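J.: Chains as they are written, first to last, in this note's numbering: chain A, 224 to 465; chain B, 63 to 379.
Just so you know, these hints were derived from the structure itself, not from any lab. On a predicted model such as this, the values are computed, not experimentally measured, just so you know. No residue lacks a Cβ here, since even glycine has one placed at the ideal position from N, Cα and C. A portion of the hints provided could be inaccurate.
Listed below are the simulated SDA-like cross-link pairs for lysine to any residue, each with C-alpha atoms no more than 20 Å apart in a straight line [said to hold, decoys possible]:
#1 B:K355 with A:T430
#2 B:K355 with A:L241
#3 B:K253 with A:I228
#4 B:K355 with A:I228
#5 B:K253 with A:L241
Sample of chain A residues lacking proximity to chain B, with all beta carbon distances greater than 10 Å (derived) [what the hints assert, rightly or not]:
#6 A267
#7 A280
#8 K370
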Amino acid sequence: MLPLIGILIVILGFAFRLNALLVVTVAGLATGLASGQSLHDVIAAFGHAFVESRYVAIVWLVLPVIGVVERSGLKERARDVIGQIRAATAGRVLLVYLALRQITSALGLVSLGGHAQMVRPLVAPMAEGAAEHAHGPLAESTRERIKAMSAAADNVGMFFGEDVFVAIGSILLIRGFLEQNGIIVEPLHLARWAIPTAIVAFVIHGTRLLLLDRRLRRESLEAAVDLAEQQAQPSARDGASA
Amino acid sequence: MIRLESIYLLMGLMLAGIAIVNFRDMRSHMPVRNTVFWALYAVIFLFGSHLSDFTNGMLVLLMVLTASRGLATSSRDASTPDARAESAARWGNRLFVPVLVVPVATFLGSLLLGRVVIGGTALVDPKQVTQVALGLATVLALITALVMLRPPIFAPITEARRLMDSVGWAAVLPQALAALGALFAAAGVGKIIAELATTYLPLGTPVAAVTAYAVGMALFTIIMGNAFAAFPVMTAGIGLPLVVQQYHGDVVVVTAIGMLSGFCGTLMTPMAANFNIVPAALLELRDRYGVIKAQVPTALMLLAANIVLLAYFAFPR
């Protein structure tokens, strides 16, 4: 039971919104120490695993490109382009991206998306631009929600698209694990049984994206009513004092 | 042969550049910890493969301590909104070209690079081809952007600094979590959880067993941050012995949808930092958990749907 102290530290750390990097490191050290390793060995194990997983950080090499093009007005252009399409709304833009992300992932083209490559430079500015075009200037909280939903569309699309592709890591992991247990299965059969969940995922998340549009419309109406009331009140008061 | 090590060298150089820009800005407003943090990270990319595990571990600990007070963000935008609007109007849709080079070249590279053989040796290590392709694609995209837009010579690195500082220590979190996962595995955390799950979860009927399996996959993924870590543990603990062997569930349906139930967990956990925390930083959300909050309703509904699918399709009638 003692090694579970790491999990406890992580849960408490995230719940109290402490610096996550610090929490994760402390949890790692505590787990290692609780399982009876020396401090030296635990630090070495942490360093080894950290260096071995450097490949997850390669995506940051895209930042100089994005930065240079943003400097030349990439986000502004993304907003203008979407503003020219009259039917575009934030929800519909994200719905199209969700569909594209899911279909391309199902064909094994997982690398065609991603938060640094696509969401930050293109998808989020387009969704914001569509919302601005439809509803005028956005409140900061609305902008946050649209950005968060942009990242969510990328995740949901990829997670529930990629398993339909036979050669993806998770399918190979399932097959390998079952093989170790003496059960031989066809990757194609596993991939086929990812399809029902993929469809349900698209329906659920797609519906939520269309509901996002309704919510944005309601919020912009309420904001307009508030504004009208604010403008009406001073004149009413003037009338009373007169 | 192009190995990951060459791409790590590029990463190291970029991080060193970011550290230098931060160092040069120290006089004006940037605190020293930004410089130290990115410089240490650069060392890990440039020399990590040649240093001892313990030295690397100490470097990581130093990084974590440096970042424990948070990193500062560089507030200055090098470009003005007016200049950007003017440039956007001038370049039009051509601005999308360098950005789209990244996914297209990554895809083509991962498809083709593994097959190129020069003088009997493969150009790229086949096992690392996706990551190498991504690294090379970013270089190609940067060259495209530089030739097209002709920005000042230091713009790529100062712009990379602006974005990297806004992401801050979250950029390192996925690697730290991978390291945590390794320590969890070495300490046998997975086995302990599986024992607890099989001891305390209600497993008396087929439907209860698939529910426990799907929910267990999601919960364990939330803890580990990765469905791949949860899958062997939960499937060996509940999926195979109970659902498949005792209740005669279809092994293909059970494991395929079981994995996807784990993915529902991935949508809800800060432990899956590269999907949930990094984008929040990258999109400069004020709420670090904003992306997770946007995903929880979808994840819960989809988990419920998975349980229904399992209960309906896993047991032949």
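J.: None of the hints should be skipped; say for each whether it holds.
T.: The hints, checked one at a time:
no., hint, result
1, B:K355 with A:T430, "holds (17 Å)"
2, B:K355 with A:L241, "holds (18 Å)"
3, B:K253 with A:I228, "holds (14 Å)"
4, B:K355 with A:I228, "violated (26 Å)"
5, B:K253 with A:L241, "violated (28 Å)"
6, A267, "violated (4 Å)"
7, A280, "violated (6 Å)"
8, K370, "violated (4 Å)"
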